[in-house]
Amino acid sequence: MFYSPLLKLCGWEDEQIIREKDRLDEAFNLLDLGPEEMKVAEARVLEGYDVDLLGVRKALGVWIGGMVDVVLSKREGKKLVYYSFPPLGGLSGVISVIGKGEILCVCPEFILDIALGAIFNRIDPILESGEQKALPPGRALCGLNKIRIGAITEGIIPVPDLLLSSSFYCDQGGQTDEWLREVYGIPWVVMDNVMDSPRDEFPRLASKRVSYLAAEMENGWAEAASILGCEPDEEHWAAYYKLYSKFNDGISKSNRSMKADPTPISQSNLQMVRFLRNGISYDRFPEALRAIETLVPELEERVRRGTGPLPKGSPRVCSFLIPQRDQSVAHLIEKAGIAVPVTFLSYDAYMAGMDSTCSTLSERNARVELMRGLYHSTWAVLHWTKQAVKDFELDGVLWTQPMHCRPMSGTGYLFKKAIEEELRVPVLSLEVDWYDNRIFSGESMRTKIETFGYLMAARKAKRGPFPKGD
Amino acid sequence: MFVCGLDIGAATAKAVILEDGRMLSWCVAPTGQSVDSATDRVMKEVTGKIGIGVADIKCLVTTGYGRHSVSFADRAVSEIVCHARGANFLLPSARTVVDIGGQDSKIIAMDDAGNVTNFVMNDKCAAGTGRFIEVMANVLEVPLSDMGKVSLTSGKPSQISSTCTVFAESEVVSLRARGEPCENLIAGIHKGIASRIITMGRSVGFSKEVAFTGGVAKNVGVKQFLEIGIGLQIIIPEEPQIIGALGAALLALGG
Chain A
8 MFYSPLLKLC
18 GWEDEQIIRE
28 KDRLDEAFNL
38 LDLGPEEMKV
48 AEARVLEGYD
58 VDLLGVRKAL
68 GVWIGGMVDV
78 VLSKREGKKL
88 VYYSFPPLGG
98 LSGVISVIGK
108 GEILCVCPEF
118 ILDIALGAIF
128 NRIDPILESG
138 EQKALPPGRA
148 LCGLNKIRIG
158 AITEGIIPVP
168 DLLLSSSFYC
178 DQGGQTDEWL
188 REVYGIPWVV
198 MDNVMDSPRD
208 EFPRLASKRV
218 SYLAAEMENG
228 WAEAASILGC
238 EPDEEHWAAY
248 YKLYSKFNDG
258 ISKSNRSMKA
268 DPTPISQSNL
278 QMVRFLRNGI
288 SYDRFPEALR
298 AIETLVPELE
308 ERVRRGTGPL
318 PKGSPRVCSF
328 LIPQRDQSVA
338 HLIEKAGIAV
348 PVTFLSYDAY
358 MAGMDSTCST
368 LSERNARVEL
378 MRGLYHSTWA
388 VLHWTKQAVK
398 DFELDGVLWT
408 QPMHCRPMSG
418 TGYLFKKAIE
428 EELRVPVLSL
438 EVDWYDNRIF
448 SGESMRTKIE
458 TFGYLMAARK
468 AKRGPFPKGD
Chain B
31 MFVCGLDIGA
41 ATAKAVILED
51 GRMLSWCVAP
61 TGQSVDSATD
71 RVMKEVTGKI
81 GIGVADIKCL
91 VTTGYGRHSV
101 SFADRAVSEI
111 VCHARGANFL
121 LPSARTVVDI
131 GGQDSKIIAM
141 DDAGNVTNFV
151 MNDKCAAGTG
161 RFIEVMANVL
171 EVPLSDMGKV
181 SLTSGKPSQI
191 SSTCTVFAES
201 EVVSLRARGE
211 PCENLIAGIH
221 KGIASRIITM
231 GRSVGFSKEV
241 AFTGGVAKNV
251 GVKQFLEIGI
261 GLQIIIPEEP
271 QIIGALGAAL
281 LALGG
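In order, the protein sequence lines correspond to chains A and B.
My numbering runs 7 ahead of the 1-based position in the first sequence.
My numbering runs 30 ahead of the 1-based position in the second sequence.
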């Protein structure tokens with residue numbers, strides 16, 4: 008089987024390859040991924056990922072499996088639900104629990120970005136198709152939404168039975184799904200709002216904000232349940248929490264290991280593992296759990312031995328997230344000697360502030376989402392970023408900022424000013440698209456990153472880590 | 031011991047050779063289509079001027095956008111770091127460097143040792159770069175080297191509202207058709223570039239003294255509008271184009 012070497016590299020066992028052979032044959036045929044493409048993918052995995060870590064390899068394998076699942080879902084008679092990123096309130100998870108084996112609930116653009124993009128380097132035609140098919144001239148759109156549109160219109164992934172959108176974080180996801188609804192007549196459930204929270208509110212949460220988001224979630228759940236013909240009960244929620252909390256526990260442990268110097272793993276590799284909870288279906292989730300459970304002791308061992316991709320004492324920064332489309336940006340950062348022990352998305356200190364006084368499940372979920380910051384405001388994102396800088400005693404912030412992302416486009420200068428003035432650490436605001444590397448100039452980015460690394464190393468040598476002020 | 035700094039920029043390649051901290055030789059040549067050919071050309075020229083061979087160079091540090099393409103380099107360092115180091119060597123009191131090259135522009139803050147403390151660099155747009163002036167020189171059919179001189183004769187710079195190279199070109203063509211004097215148009219173009227640089231540099235700040243490097247520093251019109259806008263005198267090294275290469279050579283020296 009021409010795909011066996013790649014799948015084994017990505018942590019698949021012989022037995023699993025044989026068990027899924029027919030599905031793999033069919034899916035790779037549909038995706039036009041032949042022997043040559045497998046060789047390209049092998050080279051990209053070896054070049055881009057820390058394959059000494061079996062947990063990383065297994066996680067890559069889960070993404071490939073997730074891609075196979077979504078491509079074949081309708082052929083296998085499953086109901087298909089697409090939710091948009093970032094997912095809201097666990098609904099996608101609990102739908103997966105209820106519909107185990109029958110309903111596939113996934114974030115397809117995330118799966119394709121990593122499986123077809125990062126591993127197979129085949130995402131650009133999908134992005135281009137998304138631009139050609141659905142974008143009015145001159146309109147920018149996040150790469151994730153381009154992938155969703157392009158992959159559906161090109162027939163790479165099936166048309167789903169339900170679209171589950173949240174416009175709390177970004178209205179572009181909702182608008183993308185609205186377009187798909189109009190073109191394909193797909194039922195659409197949207198949990199809507201705008202992030203208009205006042206600057207000084209966070210970390211306090213206005214009760215009206217919590218109750219509104221909770222109500223939107225409850226309405227969304229009810230609507231989705233009626234369309235799918237299933238109603239989540241307490242047992243479903245308990246099963247969902249049990250499985251996902253085990254995964255989150257592994258993620259928390261791996262995040263904590265990143266406090267070590269040197270960091271035991273490249274943040275971009277860890278991020279790829281962490282994102283498994285945002286993309287793949289419940290049916291694939293036990294494999295994701297095994298990947299993280301394999302990775303945690305591997306990272307702990309590296310921390311004990313004091314090894315990692317960069318030498319001890321390298322400048323350390325926080326980012327929002329590392330572009331995932333391929334590993335080139337992550338490599339630019341690491342080649343400049345910069346470690347990224349934490350990102351805004353990996354920093355989970357917000358969980359410490361959660362209490363159990365919420366009267367309903369939806370209220371609890373609403374509080375979690377708002378306290379996390381993304382669904383609250385730009386100021387909340389800034390709050391946790393500053394907290395991460397202090398908590399991890401960082402040397403700077405390398406802010407990856409997409410200009411076409413509605414919630415993030417205004418953060419570059421604002422974050423630079425706020426963090427540099429308050430924490431006295433340098434901030435480099437880097438224009439990127441997290442999911443589409445056609446957007447930015449790699450050479451200009453390299454110059455900025457290398458200079459930033461030099462600048463931080465010079466500061467660190469002069470004043471020691473985490474300067475408290477001039 | 032001979033050390034060399036080689037700056038492969040978008041428009042020109044520059045090389046500087048130092049011995050014991052003294053500049054012995056330098057040269058500037060168009061980069062052209064190939065980084066390899068440009069490297070060969072400037073290395074032959076810069077070594078030929080003092081009668082040595084490339085093999086006599088003990089350490090070569092490269093910079094500029096082509097810095098990672100020179101196989102025999104000992105080290106590649108970003109041009110921002112090199113410009114700061116080179117400017118500090120020639121102008122020790124400078125704390126800000128405005129560098130406008132063929133393809134990009136940067137504002138660099140540095141300490142008394144020439145270490146970068148903050149910087150900002152343009153992203154994808156050619157506005158505020160040497161390329162912008164080159165395009166406008168072609169449109170107005172004025173030699174590039176005369177653009178600065180001509181603009182100084184203007185009593186009333188034209189209002190060029192667009193900072194985008196493409197849109198500004200069409201704006202300049204329209205204004206010219208309406209009879210706007212050429213010197214006013216050129217002064218307006220320079221004023222627009224200065225304005226963009228000043229806006230970009232606001233996040234870094236302009237501290238005394240300000241050094242102006244890169245090929246565009248040879249344009250006295252841009253210098254004048256920068257001085258007016260920043261409110262500080264701007265110092266230009268004798269050969270502003272070679273400051274990156276000089277900084278690279280200093281880094282090769284271990285300085």
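Hints are not guaranteed to be accurate.
As the list claims (entries may be wrong) - Reference excerpt, derived from the structure (chain A facing chain B, CB under 7 Å, subset only):
{"hint": "1", "residue": "Thr-418"}
{"hint": "2", "residue": "Glu-429"}
{"hint": "3", "residue": "Arg-431"}
{"hint": "4", "residue": "Leu-462"}
What the hints assert, rightly or not - Where chain A lies over chain B, by a calculated footprint (3+ residues, C-beta under 8 Å):
{"hint": "5", "segment": "103-109"}
{"hint": "6", "segment": "210-223"}
Worth flagging that the hints you see were computed from the coordinates, not collected in a lab.
Note that CB positions come from ideal geometry on N, CA and C, so glycine has one too.
Structure-based check of all given hints:
| no. | hint | verdict |
| --- | --- | --- |
| 1 | Thr-418 | violated (13 Å) |
| 2 | Glu-429 | violated (15 Å) |
| 3 | Arg-431 | violated (12 Å) |
| 4 | Leu-462 | holds (5 Å) |
| 5 | 103-109 | holds (count 3) |
| 6 | 210-223 | violated (count 0) |
Hints 1, 2, 3, 6 from the earlier list are contradicted by this structure; the remaining hints agree with it.
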